[in-house]
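Full structure from sequences and hints, please.
Per this note's numbering: the sequence shown = residues 1 to 122.
To be clear, the hints were calculated from the coordinates, so they are not data collected in a lab.
It cannot be assumed that every hint is accurate.
In silico SDA-like links for lysine to any residue, alpha-carbon gap of 25 Å or less [what the hints assert, rightly or not]:
#: 1; residue 1: Lys56; residue 2: Gly4
#: 2; residue 1: Lys56; residue 2: Pro42
#: 3; residue 1: Lys56; residue 2: Ile12
#: 4; residue 1: Lys56; residue 2: Thr66
#: 5; residue 1: Lys56; residue 2: Ile45
#: 6; residue 1: Lys56; residue 2: Val6
Distance windows between CB atoms, simulated [stated by the list, open to error]:
#: 7; residue 1: Gly24; residue 2: Tyr96; range: 14 to 24 Å
#: 8; residue 1: Leu11; residue 2: Ala93; range: 15 to 25 Å
#: 9; residue 1: Val41; residue 2: Met87; range: 32 to 42 Å
#: 10; residue 1: Met122; residue 2: Leu50; range: 14 to 24 Å
#: 11; residue 1: Gly2; residue 2: Gly55; range: 18 to 28 Å
#: 12; residue 1: Glu29; residue 2: Pro60; range: 27 to 37 Å
#: 13; residue 1: Arg33; residue 2: Ala7; range: 18 to 28 Å
#: 14; residue 1: Ala7; residue 2: Leu44; range: 14 to 24 Å
#: 15; residue 1: Arg94; residue 2: Phe38; range: 25 to 35 Å
#: 16; residue 1: Ser95; residue 2: Met122; range: 30 to 40 Å
#: 17; residue 1: Phe113; residue 2: Val27; range: 13 to 23 Å
#: 18; residue 1: Glu86; residue 2: Leu117; range: 21 to 31 Å
C-beta: ideal position from N, C-alpha, C; glycine also.
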Amino acid sequence: IGLGVVAISVLIGTIIGSLAAFYGGIVDEVLMRIVDVFMAVPFLIAAMVLTALLGKGLGPITVALTTFGWMGYARVVRSEILRIREMDFVNAARSYGAGDFRLIVFHILPNAFFPVLVLATM
Numbered sequence: 001i002g003l004g005v006v007a008i009s010v011l012i013g014t015i016i017g018s019l020a021a022f023y024g025g026i027v028d029e030v031l032m033r034i035v036d037v038f039m040a041v042p043f044l045i046a047a048m049v050l051t052a053l054l055g056k057g058l059g060p061i062t063v064a065l066t067t068f069g070w071m072g073y074a075r076v077v078r079s080e081i082l083r084i085r086e087m088d089f090v091n092a093a094r095s096y097g098a099g100d101f102r103l104i105v106f107h108i109l110p111n112a113f114f115p116v117l118v119l120a121t122m
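Listed below in structure tokens is the structure:
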């Protein structure tokens, strides 16, 4: 259960953090306020309530823990991408005509991976 929850949480947090940091503006504000709302709820209490609502079994536990476990990853990814997107190699790739998807997936995310990996092991 633990490995699956962490893997799914990292995936969700990476997607949300990447979108928030790369596009900025209103997208960043909305996504980070959603993160703030989820972080305002105590993790274990919310997970227990959601598990009680969903029923018994490993699936509901995984869903409950994932639902309330992705916010830290989103914040770390966002902060790393805000730092990385201003670097020269990103500007060089952008000047060569790389689109947003290519910039995020091939240039920015590989450089933002290590802090997320450290957080995932905790």
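Hint check results:
no.	hint	in the structure
1	Lys56 - Gly4	holds, 18 Å
2	Lys56 - Pro42	holds, 21 Å
3	Lys56 - Ile12	holds, 24 Å
4	Lys56 - Thr66	holds, 16 Å
5	Lys56 - Ile45	holds, 16 Å
6	Lys56 - Val6	holds, 20 Å
7	Gly24 - Tyr96: 14 to 24 Å	holds, 22 Å
8	Leu11 - Ala93: 15 to 25 Å	holds, 24 Å
9	Val41 - Met87: 32 to 42 Å	holds, 35 Å
10	Met122 - Leu50: 14 to 24 Å	holds, 22 Å
11	Gly2 - Gly55: 18 to 28 Å	holds, 20 Å
12	Glu29 - Pro60: 27 to 37 Å	holds, 32 Å
13	Arg33 - Ala7: 18 to 28 Å	holds, 26 Å
14	Ala7 - Leu44: 14 to 24 Å	holds, 20 Å
15	Arg94 - Phe38: 25 to 35 Å	holds, 32 Å
16	Ser95 - Met122: 30 to 40 Å	holds, 38 Å
17	Phe113 - Val27: 13 to 23 Å	holds, 22 Å
18	Glu86 - Leu117: 21 to 31 Å	holds, 22 Å
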